[in-house]
Amino acid sequence: MDIVVCIKRVPLIQEVDLEINDAQTGVRDEALAYVINDWDNYAVEEAVILKEQLGGSVTAITVGSEADEEVLRRALAMGADQALRIDPGSRQLDGFVISRILTKAIGTMTYDLILTGVQADDDNGGMVGSMVAEGLGIGHAAVITAINIKDGEAVVHTELEGGMDEVSKVKLPALLSIQTGINEPRYVSIMGIRKARKKELKVTDLESLGLSEDDLTPRTVVEQVFFPPETAGAEMIQGDAGAVAETLLNLLKEKGVSK
Amino acid sequence: MGHIFVIAEHRQGELRDITFEMLYKARALGREHAHTLTAVVLGGPDSGFGDRLAPWADRVVVMEDDRLSAFDADIYTAALLKLVTDEAPFLTLMGHTPWGMDLAPALSVRAGLPVATDCVDILLEEGGPVAIRQIYNGKLYSRVGFKASTGYMMTVRPGAFSLDEAPPEDGAGEVATRALDAEVPESRKEFVEFVDTGGGEVDIAQADLLVSVGRGVGEAENIDAVKALAELLGGTLSCSRPVVDRHWLPKYHQVGTSGKTVKPKVYLALGISGAFQHVAGIAGAGTVIAVNKDGKAPIFRVADYGVVDDLFTVVDALKEKITSG
Chain E
1 MDIVVCIKRV
11 PLIQEVDLEI
21 NDAQTGVRDE
31 ALAYVINDWD
41 NYAVEEAVIL
51 KEQLGGSVTA
61 ITVGSEADEE
71 VLRRALAMGA
81 DQALRIDPGS
91 RQLDGFVISR
101 ILTKAIGTMT
111 YDLILTGVQA
121 DDDNGGMVGS
131 MVAEGLGIGH
141 AAVITAINIK
151 DGEAVVHTEL
161 EGGMDEVSKV
171 KLPALLSIQT
181 GINEPRYVSI
191 MGIRKARKKE
201 LKVTDLESLG
211 LSEDDLTPRT
221 VVEQVFFPPE
231 TAGAEMIQGD
241 AGAVAETLLN
251 LLKEKGVSK
Chain A
260 MGHIFVIAEH
270 RQGELRDITF
280 EMLYKARALG
290 REHAHTLTAV
300 VLGGPDSGFG
310 DRLAPWADRV
320 VVMEDDRLSA
330 FDADIYTAAL
340 LKLVTDEAPF
350 LTLMGHTPWG
360 MDLAPALSVR
370 AGLPVATDCV
380 DILLEEGGPV
390 AIRQIYNGKL
400 YSRVGFKAST
410 GYMMTVRPGA
420 FSLDEAPPED
430 GAGEVATRAL
440 DAEVPESRKE
450 FVEFVDTGGG
460 EVDIAQADLL
470 VSVGRGVGEA
480 ENIDAVKALA
490 ELLGGTLSCS
500 RPVVDRHWLP
510 KYHQVGTSGK
520 TVKPKVYLAL
530 GISGAFQHVA
540 GIAGAGTVIA
550 VNKDGKAPIF
560 RVADYGVVDD
570 LFTVVDALKE
580 KITSG
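Residue numbers (this note's numbering), protein chains in the order written: chain E, 1 to 259; chain A, 260 to 584.
Because the hints were derived from the structure by calculation, they are not lab data. Bear in mind that the values here come from a model prediction, so they are computed numbers and not experimental data. Heads up, the beta-carbon is just placed ideally off N, CA and C, and yes, glycines get one too. Mixed in with the good hints there might be a few duds.
Said to hold, decoys possible - To be clear about the criterion: a stretch of chain E counts as covered by chain A if any three or more of its residues have a C-beta under 8 Å from a C-beta of chain A, and this derived list gives those stretches: (1) 75-83; (2) 154-161; (3) 184-194; (4) 222-229; (5) 232-243.
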């Protein structure tokens, strides 16, 4: 089972005040810390689990700058065998262009399964996986919460709304977009990342992939980024913890749910 | 002047709410900009969906075939490709649902039409359509334009547009049935079954008071402190997705679109940031009280009352007041 897993480095946004850049087309990134996209972390773990069960190899790919190699090293430390970074230079990227780049790069490889995260925590697009599958002409399924490989097929669970899964069989090779919670991603130590430096991390540029100008033309353009429209918002309860607790208990009493 | 297509979504014989939410929005856009509205439904034989959709659109295109009765990205893509090629709609809308996320990007590539996903608003401007999206988990919004094209696609976030329960009175679209006339490949996917994943020993949908915990709880061991508070208050413990993803609580505790939709009198959200999938699950809650360290967390936008503090500080203070009082 040769598995390709597509990953992305994204800013950590929980408990972070995001600021909009001067051009109003993105966030000010100077002060941000970066991590592997949460969905992709589950995808890497799933790839490594499948390799451990079935043998084969795991290749991690990202489209990004040198700084993004951090997430590839992390994937190697988790158990990926090799990594590829495709440097887009200063090209404008959207989900479509990234999907064309990945399609071309993966198209030259041997693979049985391609995994992506459902979406990335920055632009929340969720389109790259399905586009890559279409580009490669292989089957696909989205929002996957379980995978069992059997007789050249993947038996998968797609998480639907309202506490329901759809179970289906997908012929290999296939692309599956992985939902969070599908497994428990292993812990990665600094030492593990250091050790993984011995593994191969290739870097290539767009020129060597033979992409057309059309492939590299974004289909969508972020014209403006802005803060959410004002809402009435919550009435904030101030004071020390004791006073806050008293106010909350009174509220519960008032709403008729106090014991 | 053009056509707007809305691709209906259905599961187990029922049209999903997202279908009507899209039709509602598309209808308003169509009226404003003189576009006609076509509802498109792919389904099994004699689905009856055509008549259900007719009041909402100028026209309903029903494609019925055994191979269309269950969602299948391969077959649906082939069928819709033929339809959008034949009729060249100006704008095609689909739900940003697990199925729409599987189908729309692939169709966009095959049809050569640009797509914007998970849109929360749609503007039709002189220069072309504009999608309004949420990014960074709702902390920011973006305005997205398209490369000029003959047609455009968008997937629409469930719940983004209000659902008018009653069909418009002036609507009565004609229903046209079309055979599955596309060159349909053998599918690479085979439907097996639907499985219920939400059941368990507690039904959070029935609770009057939900004490709900999110990512902010930090680690599995800390859940007990919140559980103890829930018991002291006579409430029921629930949680947001990250807690289930990390296997700290079983899925039947999960509130949100992929978990349960709840309607407690009071929802106490502790360390929950308020991703839209979560917020959609508490739309029916009476009073929402949020406690979060991050004063900018989106949960405060929908909460009635907010406390910016560490959740354990508040949990401990509440316990102390209850046990001493």
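Each hint, compared with the structure:
| no. | hint | verdict |
| --- | --- | --- |
| 1 | 75-83 | violated (count 0) |
| 2 | 154-161 | holds (count 6) |
| 3 | 184-194 | violated (count 1) |
| 4 | 222-229 | holds (count 8) |
| 5 | 232-243 | holds (count 7) |
Going down the numbered hints, you'll see the structure goes against 1, 3, while the others check out.
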